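In the order they appear, the protein sequences are chains S and L.
With this note's numbering, letter number 82 in the first sequence gets 82, and the count goes up by one each step, no holes.
With this note's numbering, letter number 18 in the second sequence gets 18, and the count goes up by one each step, no holes.
Hints may be right or wrong, so weigh each one.
Stated by the list, open to error - Derived Cβ-Cβ restraints for the label pairs, each shown as a range:
(1) L:28 with S:429: 23 to 33 Å
(2) S:788 with L:18: 18 to 28 Å
(3) L:39 with S:486: 48 to 58 Å
(4) S:208 with L:23: 45 to 55 Å
(5) L:39 with S:51: 21 to 31 Å
(6) S:568 with L:39: 49 to 59 Å
(7) S:208 with L:13: 46 to 56 Å
(8) L:15 with S:398: 14 to 24 Å
(9) L:28 with S:50: 29 to 39 Å
(10) L:13 with S:398: 28 to 38 Å
(11) L:23 with S:235: 18 to 28 Å
Said to hold, decoys possible - With the Cβ distance kept under 7 Å, some of the chain L side facing chain S (calculated, not the full set):
(12) 14
(13) 15
(14) 19
(15) 26
(16) 31
(17) 33
(18) 35
(19) 36
(20) 41
(21) 43
Since the hints were derived computationally from the structure, they do not count as laboratory data.
If you're wondering where the values come from, they're calculated on a predicted model, not measured in any experiment.
Positions of the beta carbon are idealized from the N, C-alpha and C atoms, including for glycine.
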Amino acid sequence: MPAPLQPPPVAEVTRCFHCGNDCPPQPLLAESHSFCCEGCVAVWHLLHDLRLDHYYALNTHPGTRTEPAEGAASPFVCLDEPETCDRLCSYRSESLSTLTFHIPAIHCSSCIWLLEKLPALQPGVNRCEVNFLRREVHLSWDPRRVKLSAIAGLLARLGYAPHLTLSGAPEKPRSRSNRRLWYQVGVAGFSFGNIMLLSFPEYLGLEERQFATLFGWLNLVLALPVLLFSCQDYFKSAWQSLRNGQINMDVPLALGMIVLFSRSAWEIVSHSGAGYFDSFAGLLFFLLIGKAFQARTWDALSFDRDYKSYLPLSVTVKEGREEKPLAVAQLRPGTVIVTRHGELIPADGVLLSGNARIDYSFVTGESDPVKVAAGEKIFAGGRQVGSRIEIAVDREVSQSYLARLWNHETFSKPRESEVTALANRVGRSFTHRLLFIAAGAAAFWLWYDPARTAEIVTAVLIVACPCALALSLPFTLGHVMRILGRNGLYLKGPATVEQLAMADTVVFDKTGTLTQAGDAEAQWSGEALSEQDVKHLAALLIQSWHPLSRRLLRKLGPQPAMEVTDFEEVPGQGITGRIGNLTVTAGRRSFVAALHDGFSDHPEEASRDGAEVWVGINGKMKGRYLLRDQFRKNLSAALERLGTQYRLAVISGDNDRERGTLTALLPPGSEIRFRQSPEDKLNFIHSLQQRGCRVLMVGDGLNDAGALRQSDVGMSVSEDSASFTPGSDAIAAASSLERLGAFLQFSRQSLRIIRWSFLLSLLYNLTGVAFAVTGHLSPLVAAVLMPASSLSVILFTTLTTHLAARRQRL
Amino acid sequence: MSVMFLLIGCSILIALAFLSLFLWSVNAGQYEDTCTPSMRMLLEDERPAAEPPAGDDNSHSAA
């Protein structure tokens with residue numbers, strides 16, 4: 001079935017037509033498309049033979065790479081057992097069964113297209129319907145014609161393996177509450193329309209006694225379901241808050257509804273008027289629609305955050321012998337990842353090999369590492385301590401889970417938030433003042449024109465809308481976080497935006513932040529290293545993700561893997577471990593000298609040309625590598641821009657050989673400190689804060705974790721690794737660092753937008769209440785204005801935020 | 001004018017019918033997934049020879 005191998009015409013790296021991964025030097029070819037492995041070719045053939053090539057026309061590289069199943073037993077055999085079937089299936093009968101599979105690999109329209117064509121691929125399947133947001137397929141098939149395990153096997157072969165949980169049933173979604181809202185909208189809309197219809201004669205001023213009473217009673221009957229059903233949530237919320245001794249925003253609304261309904265009912269019963277049932281039902285209708293719309297927008301925002309703005313972390317993925325970096329977002333269950341000392345484990349998995357000691361302080365708060373044996377489960381959020389381990393990931397990365405861990409109280413900093421404080425203050429006094437005004441208006445109108453009191457009081461209660469308070473903050477900050485996430489800066493939470501905006505000092509770490517692990521040459525001086533020595537050194541270096549280790553490793557080239565025991569990395573000093581019975585150490589001279597002899601007659605001062613990595617093997621210091629620093633591109637322009645508005649500083653653990661370059665890069669008068677230990681860095685930040693500065697620290701999380709935690713905003717720079725310190729408030733992809741100035745400007749703009757929306761809301765409220773109190777506002781108009789104002793706040797914040805982003809070219 | 005009673009009665013009945021249809025459609029889950037139908041609509045079936053899968057009434061055959 002697979003096409004014969006042919007040598008490719010040009011020796012360059014092509015991408016697999018199916019899954020997009022790099023093809024090996026001799027890619028498999030079929031009809032002029034290249035593929036990376038047997039699995040991809042097999043899927044392509046399967047689809048091509050059934051004329052389903054449109055799958056590839058819809059998106060480029062829509063497939064995912066799967067290992068063809070080796071060995072006898074298919075993992076889906078258990079699906080045929082009756083008890084499993086019972087648990088999973090939502091409906092079972094002789095001729096038809098249905099169930100819902102969760103398939104994490106669904107990610108584009110090609111997936112939808114292909115999966116919904118499943119009946120064409122597998123006879124016996126009647127229907128396959130995809131729910132994209134939840135990544136589920138709803139299957140219905142004929143058990144007499146095809147077994148569930150065969151269907152699951154086919155899905156797996158196509159690259160869409162269903163994710164089977166032990167509990168079987170997918171989580172029952174929150175569609176229950178959404179449905180209720182729709183029911184309430186339906187009832188309110190029904191009543192609203194019909195009441196208005198029946199109120200027409202009254203609008204037009206026609207007087208027909210007979211029908212007037214009938215219509216009045218009909219209106220009352222039609223309004224009852226609205227009162228009893230559609231109003232429920234507002235009543236419940238108001239009652240709850242009153243029971244807690246507080247007045248929340250639903251209290252005036254509930255009050256208004258009760259007042260309006262009672263007055264209208266009384267008017268009908270006592271034949272003194274036509275009532276205001278049309279306003280009442282209309283009020284509910286518009287309010288509920290506003291609620292539904294808000295809920296949808298909220299969902300869209302959080303969906304975006306979960307699936308579109310990704311943590312800019314990458315893991316090292318092992319494919320066969322090779323290892324390469326992969327963005328955390330693209331990690332699929334079944335992949336084998338390699339985790340090194342200090343790296344974050346992004347998803348649940350099973351330990352395959354290595355000596356695992358996992359630090360779960362991020363998850364449980366316990367900093368004692370937990371020993372894990374091969375075959376046991378490792379949970380997302382842990383960090384490896386020691387030599388590298390291999391994990392087979394069996395769940396998708398849950399961004400929301402990691403974000404939740406990150407936001408746990410233990411890592412939060414007690415920082416004041418000006419805007420949130422303002423919002424809280426205004427919110428508290430708002431409802432009190434409103435009720436006070438409403439009472440005043442009621443008193444006045446009862447004296448002046450009692451007939452209109454109910455109408456006016458209701459209008460006052462309804463029209464006042466603290467929407468800006470409730471909406472502008474979350475919406476604006478939500479948008480900002482999304483936009484920044486798209487540009488490679490991932491924030492811990494909305495509060496970070498404010499901290500970013502209030503920062504006035506930026507402190508940079510040097511190594512790994514301003515400099516990068518580039519490809520510059522590494523010079524060796526000392527005793528020549530034998531091949532064996534190089535292998536040992538490489539085996540040690542591969543355990544660490546320090547930029548110097550990685551650069552050196554790149555220079556040494558691929559070397560066979562070796563087992564390293566007792567691996568230890570001392571931040572700012574070096575790494576050491578045992579291979580066999582040899583001790584291998586690399587790092588600062590003093591660090592290596594403590595464990596190995598030699599070079600005692602060498603002059604003490606470190607070289608001024610680059611970073612030194614001394615190497616000691618088996619008790620003897622062999623010499624050192626010299627790695628010249630490589631500053632990131634576009635740095636001078638970025639720093640210049642920042643320098644005009646912020647105080648800049650650079651602190652480094654290195655020696656001062658780069659003083660000249662740094663002085664040239666930074667504005668005059670900036671502090672540049674060298675030979676800083678991690679504590680020195682922390683103290684420096686603290687001293688700045690004592691002077692009243694608000695500090696943004698940019699580091700790589702390695703030996704400045706304490707400083708990141710101490711600063712007002714700690715930003716860790718991530719490049720090719722899952723290096724992550726929970727004390728940081730933001731993670732920046734290394735490539736986005738040059739736009740730091742734009743990010744900070746944008747944050748400041750967003751705070752301004754929030755203040756503007758508060759002002760606008762204040763104006764709206766003042767005008768609206770003024771009109772209502774003087775009797776010029778009917779409750780119906782007030783009812784329309786209220787959701788309109790919510791909508792306008794949402795629109796205003798969304799548009800201005802995106803405009804501000806466009807101005808910063810984000 | 002007594003026909004008004006009949007008319008009012010009928011219109012309320014019809015409105016009730018529509019309301020129950022709406023409630024039924026919400027209950028049947030038609031509002032649960034509002035994202036996938038928007039994507040599904042844009043997918044074309046470019047295989048004129050293949051028979052359309054049963055129950056999938058959103059596909060169109062491209063010329």
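Do the hints match the structure? See the list:
| no. | hint | verdict |
| --- | --- | --- |
| 1 | L:28 with S:429: 23 to 33 Å | 46 Å, violated |
| 2 | S:788 with L:18: 18 to 28 Å | 26 Å, holds |
| 3 | L:39 with S:486: 48 to 58 Å | 21 Å, violated |
| 4 | S:208 with L:23: 45 to 55 Å | 33 Å, violated |
| 5 | L:39 with S:51: 21 to 31 Å | 22 Å, holds |
| 6 | S:568 with L:39: 49 to 59 Å | 51 Å, holds |
| 7 | S:208 with L:13: 46 to 56 Å | 22 Å, violated |
| 8 | L:15 with S:398: 14 to 24 Å | 46 Å, violated |
| 9 | L:28 with S:50: 29 to 39 Å | 32 Å, holds |
| 10 | L:13 with S:398: 28 to 38 Å | 51 Å, violated |
| 11 | L:23 with S:235: 18 to 28 Å | 21 Å, holds |
| 12 | 14 | 10 Å, violated |
| 13 | 15 | 5 Å, holds |
| 14 | 19 | 4 Å, holds |
| 15 | 26 | 5 Å, holds |
| 16 | 31 | 6 Å, holds |
| 17 | 33 | 5 Å, holds |
| 18 | 35 | 5 Å, holds |
| 19 | 36 | 4 Å, holds |
| 20 | 41 | 10 Å, violated |
| 21 | 43 | 5 Å, holds |
Of the numbered hints listed earlier, those contradicted by the structure are 1, 3, 4, 7, 8, 10, 12, 20.
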